[in-house]
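Participant: The chain contents come next:
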Amino acid sequence: MGKAFGAVAGVGAVGSLVAMKKSWDPLPSVKAAGFTTLDMSIYKEGEIITEKWRGKPIFVLKKSAAMIAKQTESQKARDVVVGDAHFMLAIGLCTHLGCIPAYVPAEESFLCACHGGMFNWAGEVTKVPPPRGFDIPPFKIDGTKLILGEAGPEYQKMKDSGVTL
Amino acid sequence: MAHFTKATSVKDWLNQRLAVETVERVMASEYWIPKNINFLWAMGMVLAITFALLLVSGIFLLMYYQPDVKDAFYSVNYTIMRDVDFGWLWRHVHGVAASVVFLIIYIHMFTGIYYGSYKKGREMIWVSGMLLFVTFSAEAFSGYMLPWGQMSYWAGMVITNIFSLGGLHLDGLVEWIRGDYVPAQAFLTRFFMLHVLLLPLAIMGLIGLHFAALRIPHVNNQDGEEIDFDAESKKYLAGDTAGSKVIRFANDFMSKDMMVVGFFLIFFFYLVFFQYGFALDPVNFDPADGLKTPAHIYPEWYFLWSYEILRPFSVNIGLIAFGFAQVIFVLLPWLDRSPNAVPASRRGLFSIWFWALLIDMIVLTAMGKLPPEGIFSTIGLVAAIAFILLWVALPFITKNEKKA
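Keeping their order, the protein sequence lines are chains C and U.
So in this note's numbering the end of the first sequence lands on 165, straight run, no missing numbers.
So in this note's numbering the end of the second sequence lands on 404, straight run, no missing numbers.
Just so you know, these hints were derived from the structure itself, not from any lab.
Worth double-checking, as some hints may not be accurate.
[Stated by the list, open to error] Below, computed lysine-lysine pairings styled on DSS-like, alpha-carbon distance capped at 25 Å:
id	chain 1	residue 1	chain 2	residue 2
1	U	K70	C	K56
2	C	K31	U	K70
3	U	K292	C	K62
4	C	K31	U	K292
All figures in this text were calculated on a predicted structure; none of them were measured in a lab.
Can you build the whole structure from these sequences, using the hints too?
Facilitator: Listed below in structure tokens is the structure:
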């Protein structure tokens with residue numbers, strides 16, 4: 001009797017926990033709004049532009065010839081190449097706890113005011129606590145356009161090689 | 001069925017049905033409190049009164065607050081502050097009480113640590129008290145989201161990101177908690193629910209447990225003396241009130257308690273009317289903007305010490321240190337290996353440990369408020385390591401303590 005009661009109550013408990021978990025999930029409308037298209041032909045060299053994707057800031061920097069020339073191997077791996085232009089593309093949130101680091105032109109670095117983390121112009125981490133460079137949003141190259149939220153082959157390669165998470 | 005007789009008075013009528021006289025005796029007039037205590041023993045009542053102030057002011061705020069990302073900021077800063085008659089009063093009472101309640105909680109906690117009031121059957125008082133600290137922290141955080149200003153938004157962003165647990169990258173869990181990729185409407189409404197219903201319910205339940213845990217071991221006293229409450233209360237009831245070591249909870253002890261509460265309330269309303277600014281961060285008077293982080297983010301003062309333990313380390317070590325700081329206080333009754341339940345001043349090395357911990361937490365609090373640069377970073381790092389080392393050392397220094 002006790003076991004039967006326990007089994008019925010257990011099924012009910014698990015069922016309600018599933019319902020509670022699902023009710024807290026992001027709504028379909030929230031998920032559906034998760035795509036942004038950027039026209040990459042309008043950016044000027046050496047200027048940090050902040051776009052918005054899924055409510056998060058996206059840093060876009062069209063690299064100058066001087067920047068491309070001095071890039072290290074690891075920095076090259078983070079390059080997003082659209083046509084013949086090279087871009088630094090990154091989710092503009094500190095990989096520590098998600099504050100937006102501000103760009104300091106004098107140091108060519110992003111400085112996070114929350115916990116003191118730093119990133120260089122190519123998006124790599126240069127000072128802890130952030131554990132890694134900026135994350136790169138899923139992107140797909142479509143002519144001169146970039147679709148954020150969709151994973152194209154270039155993005156997949158970065159993900160597989162561990163350049164981004 | 002019980003036998004009822006014609007009531008001779010309203011009290012008799014109630015007594016037959018609810019045993020009000022027995023309840024009064026058990027809960028108040030024959031609930032015994034030691035005489036050998038000081039004003040620090042009134043902090044529990046001060047906390048109960050502050051909680052009542054939060055509840056009443058919260059009820060009035062709730063009638064005009066709009067949990068909507070478009071309207072929340074204006075419902076607080078315009079409707080409540082300007083349109084509603086005395087709306088400013090409820091907001092200032094609520095904000096100041098939310099800050100001051102933590103000051104009293106810390107005094108209450110450190111009083112318990114100083115006098116060894118977590119030992120010899122009082123472990124559950126300590127554990128339920130620490131659970132109350134955790135729920136009060138969650139209540140303070142969820143309430144801080146509601147005005148939906150810049151600090152609300154960015155504190156929400158940073159604190160929910162902690163649940164990705166650093167190297168484990170549980171981003172799905174963070175999005176589940178938020179109900180969105182970033183704090184947005186779903187986030188605001190669910191934290192509103194937590195703040196006005198679920199967490200207050202949990203707090204009220206835990207307050208009940210906290211009081212119940214006190215019932216059998218009774219309140220500690222200034223010397224940690226083991227009092228025979230049966231014998232002392234018999235002595236008191238037999239008429240030897242001067243010779244007995246105990247007094248009645250009500251009205252005797254309550255009258256002393258309320259004296260301290262009276263002084264506290266004068267201080268409290270002085271803050272509400274003249275110094276409320278400390279509880280209302282100026283940065284939070286800018287509406288939330290997901291594309292702009294304020295130049296310098298810091299939590300309210302009562303979270304600064306644990307924030308500073310998180311900050312100086314790389315992400316994983318910082319999270320481990322932070323997690324350590326959150327749970328270690330709960331384990332105090334078992335980390336303190338000494339059977340001595342006497343004031344810290346009579347416990348040799350423990351006395352140094354107590355003051356070192358208190359000073360270290362004040363240093364952490366001060367450093368947490370300052371920007372994470374230069375010498376402040378270094379002092380913060382040293383203080384954070386000192387905090388961990390103090391707790392690691394506790395079992396060793398108390399194990400060899402002499403019998404007091």
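Participant: With reference to the structure, classify each hint as holding or not holding.
Facilitator: Checked hints:
Simply put, U/K70 and C/K56 have alpha-carbon atoms about 18 Å apart, close enough for the 25 Å limit, and the pair holds. Of the supplied pair hints, the one linking C/K31 and U/K70 holds, its CA atoms being roughly 20 Å apart against a limit of 25 Å. Proposed proximity of U/K292 and C/K62 is supported: the alpha carbons are some 21 Å apart, at most 25 Å. Distance hint between C/K31 and U/K292 is fulfilled; the C-alpha atoms sit about 23 Å from each other, no more than 25 Å.
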